[in-house]
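Undergrad: Each chain, written out:
Protein chains: 2
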Amino acid sequence: MGKPAITACVLVIGNEILSGRTPDSNLNHIALALGGWGIEVREARVIPDMVDEIVDAVNETRRRYHYVFTTGGIGPTHDDITADCIAKAFEVPIIEHPDIAARIKTRPAPPDVMASRLRMARVPEGATLIENLTGGPQGFRMDNVFVMAGIPMVMQAMLSSLEGQLDTGPVVRSRTVTAYLGESQLASALTDIQNRFAEIDLGSYPFFKNERYGTSLVMRGVDEARLDAMLAEVEQAITDAGGTPEDVQTQ
Amino acid sequence: MGKPAITACVLVIGNEILSGRTPDSNLNHIALALGGWGIEVREARVIPDMVDEIVDAVNETRRRYHYVFTTGGIGPTHDDITADCIAKAFEVPIIEHPDIAARIKTRPAPPDVMASRLRMARVPEGATLIENLTGGPQGFRMDNVFVMAGIPMVMQAMLSSLEGQLDTGPVVRSRTVTAYLGESQLASALTDIQNRFAEIDLGSYPFFKNERYGTSLVMRGVDEARLDAMLAEVEQAITDAGGTPEDVQTQ
Numbered sequence: 001m002g003k004p005a006i007t008a009c010v011l012v013i014g015n016e017i018l019s020g021r022t023p024d025s026n027l028n029h030i031a032l033a034l035g036g037w038g039i040e041v042r043e044a045r046v047i048p049d050m051v052d053e054i055v056d057a058v059n060e061t062r063r064r065y066h067y068v069f070t071t072g073g074i075g076p077t078h079d080d081i082t083a084d085c086i087a088k089a090f091e092v093p094i095i096e097h098p099d100i101a102a103r104i105k106t107r108p109a110p111p112d113v114m115a116s117r118l119r120m121a122r123v124p125e126g127a128t129l130i131e132n133l134t135g136g137p138q139g140f141r142m143d144n145v146f147v148m149a150g151i152p153m154v155m156q157a158m159l160s161s162l163e164g165q166l167d168t169g170p171v172v173r174s175r176t177v178t179a180y181l182g183e184s185q186l187a188s189a190l191t192d193i194q195n196r197f198a199e200i201d202l203g204s205y206p207f208f209k210n211e212r213y214g215t216s217l218v219m220r221g222v223d224e225a226r227l228d229a230m231l232a233e234v235e236q237a238i239t240d241a242g243g244t245p246e247d248v249q250t251q
Numbered sequence: 001m002g003k004p005a006i007t008a009c010v011l012v013i014g015n016e017i018l019s020g021r022t023p024d025s026n027l028n029h030i031a032l033a034l035g036g037w038g039i040e041v042r043e044a045r046v047i048p049d050m051v052d053e054i055v056d057a058v059n060e061t062r063r064r065y066h067y068v069f070t071t072g073g074i075g076p077t078h079d080d081i082t083a084d085c086i087a088k089a090f091e092v093p094i095i096e097h098p099d100i101a102a103r104i105k106t107r108p109a110p111p112d113v114m115a116s117r118l119r120m121a122r123v124p125e126g127a128t129l130i131e132n133l134t135g136g137p138q139g140f141r142m143d144n145v146f147v148m149a150g151i152p153m154v155m156q157a158m159l160s161s162l163e164g165q166l167d168t169g170p171v172v173r174s175r176t177v178t179a180y181l182g183e184s185q186l187a188s189a190l191t192d193i194q195n196r197f198a199e200i201d202l203g204s205y206p207f208f209k210n211e212r213y214g215t216s217l218v219m220r221g222v223d224e225a226r227l228d229a230m231l232a233e234v235e236q237a238i239t240d241a242g243g244t245p246e247d248v249q250t251q
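Residue numbers (the numbering used here), protein chains in the order written: chain V, 1 to 251; chain W, 1 to 251.
One thing to keep in mind: the hints can contain errors.
Claimed, not checked - To spell it out: a stretch of chain V is covered by chain W in this simulated footprint if at least three of its residues, at any positions, have a beta carbon under 8 Å from a beta carbon of chain W; those stretches are:
id : segment
1  : 36-50
2  : 201-209
What the hints assert, rightly or not - Covered stretches of chain W, going by a simulated chain V footprint (3 or more residues, C-beta under 8 Å):
id : segment
3  : 44-50
4  : 64-78
To be verified - The following residues of chain W were derived to be distant from chain V, with all beta-carbon distances above 12 Å:
id : residue
5  : Ile94
6  : Glu131
7  : Thr134
Everything labelled a hint here was simulated from the structure, so no lab data went into it.
Treat the numbers as computed from the prediction; the structure is a model and nothing was measured.
C-beta: ideal position from N, C-alpha, C; glycine also.
Model the full assembly from the supplied sequences, consistent with the hints where possible.
TA: In structure tokens form, the structure reads like this:
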């Protein structure tokens with residue numbers, strides 16, 4: 001028996017994603033980074049800038065997963081309500097964190113601008129900070145919830161500071177092989193292989209590229225030897241179906 | 001009083017999105033298309049290829065929103081479980097739909113390949129079909145849940161066939177203006193404007209581009225005259241803060 005899996009949920013907070021104005025790129029970055037550390041993202045939600053929606057989503061997911069990571073809504077304007085919502089979810093007051101305030105005050109500004117900027121120092125009572133390597137205001141952690149910026153560059157700087165700080169499980173490895181066959185030509189062999197390698201997740205992802213249909217077969221699991229054995233069987237199945245295994249990748 | 005808002009949730013079904021292997025692009029396309037028809041995406045979830053997760057998410061969201069749109073998991077392989085999950089969510093048997101089966105059978109194949117391909121004809125009893133303009137197997141609609149492919153080209157072909165078929169609300173319009181100012185320099189003016197235009201959603205989206213910080217101010221609402229009036233005030237606020245309103249967009 002190896003280490004147990006550690007699970008996570010990502011909450012992308014922002015009307016701009018739901019309206020389609022901005023395509024989200026944070027989920028993909030977080031999923032890859034956490035996966036590399038041994039934390040499995042099991043769910044993601046995109047939710048609007050609305051208090052009840054955020055509070056409910058935080059409370060539901062923080063009880064269900066080891067970790068919850070939020071992006072967005074921690075800037076200085078009226079629509080930045082994430083910190084207030086986290087405080088409400090945990091039923092604690094919101095306070096001005098002296099370390100964030102001190103960092104903000106190193107850049108001088110007129111009083112009304114400074115007052116707005118200091119909104120970014122507001123955290124739920126009991127929160128600890130997430131370093132922001134861009135030099136801007138920090139994010140924060142409240143229990144198992146990590147609250148990060150929405151701007152990808154800033155979010156990435158915050159996330160990278162967490163490396164080595166979190167509980168991790170086994171790192172899920174993968175094997176990928178591409179077949180220029182219809183999925184149906186492989187389906188029954190794949191079902192048989194999946195049944196014999198129950199602990200490894202075998203996904204079939206069809207695509208249409210350069211005027212050709214193909215499918216990527218992705219095996220994900222923690223046991224490298226079993227992954228290699230399964231890959232060999234999948235390659236054989238491709239050959240048996242009249243195809244050629246191509247572009248094998250090991251990660 | 002105009003038409004009431006019509007709301008939607010998008011369920012992206014697929015381990016490959018959660019592992020980070022594949023960045024999702026379907027949500028953005030669906031959000032823009034539905035928004036243009038007068039349907040507001042209020043939530044999106046990315047969930048794994050697991051029966052209970054899919055059933056629970058479908059049942060929770062179909063009761064909460066006017067429409068639910070799913071992508072992924074309707075191919076011919078063992079990991080394509082969406083149709084079964086929708087049947088389970090609605091507590092109806094799964095059947096082979098004669099129209100999908102007929103389309104699949106127009107392309108000949110050996111018996112085992114055909115058997116796999118016919119998995120794509122399985123729909124919950126009572127489902128109606130969503131045309132697939134690529135010529136492949138159709139998607140299906142079960143009550144207010146629309147089940148579409150995960151391959152973007154196929155999903156888009158299915159979605160486009162729904163235009164004009166759905167209930168729609170007022171189309172949300174937007175005005176966008178960019179300011180190369182810190183958000184904090186505008187924050188108090190924006191709060192004041194938002195308070196006076198309560199029915200319009202004013203979002204402030206900071207960015208860092210070409211070595212400059214700026215913020216996009218996005219106003220979204222259904223009343224064009226009010227949007228224009230609000231835009232004028234936001235432009236004035238930018239000028240008052242020492243900036244220049246740039247790149248005004250009307251949509």
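Undergrad: Are the hints correct? Go through all of them and say.
TA: A quick look at each hint next to the structure:
1. 36-50: holds (count 10)
2. 201-209: It holds: at least three residues are needed, and the segment 201-209 of chain V offers 8 whose Cβ sits within less than 8 Å of chain W.
3. 44-50: Check passed, 6 qualifying residues.
4. 64-78: holds (count 4)
5. Ile94: 17 Å, holds
6. Glu131: Nearest chain V Cβ is 18 Å from Glu131(W), so the label holds.
7. Thr134: 9 Å, violated
Of the numbered hints given earlier, the model fails hint 7 alone.
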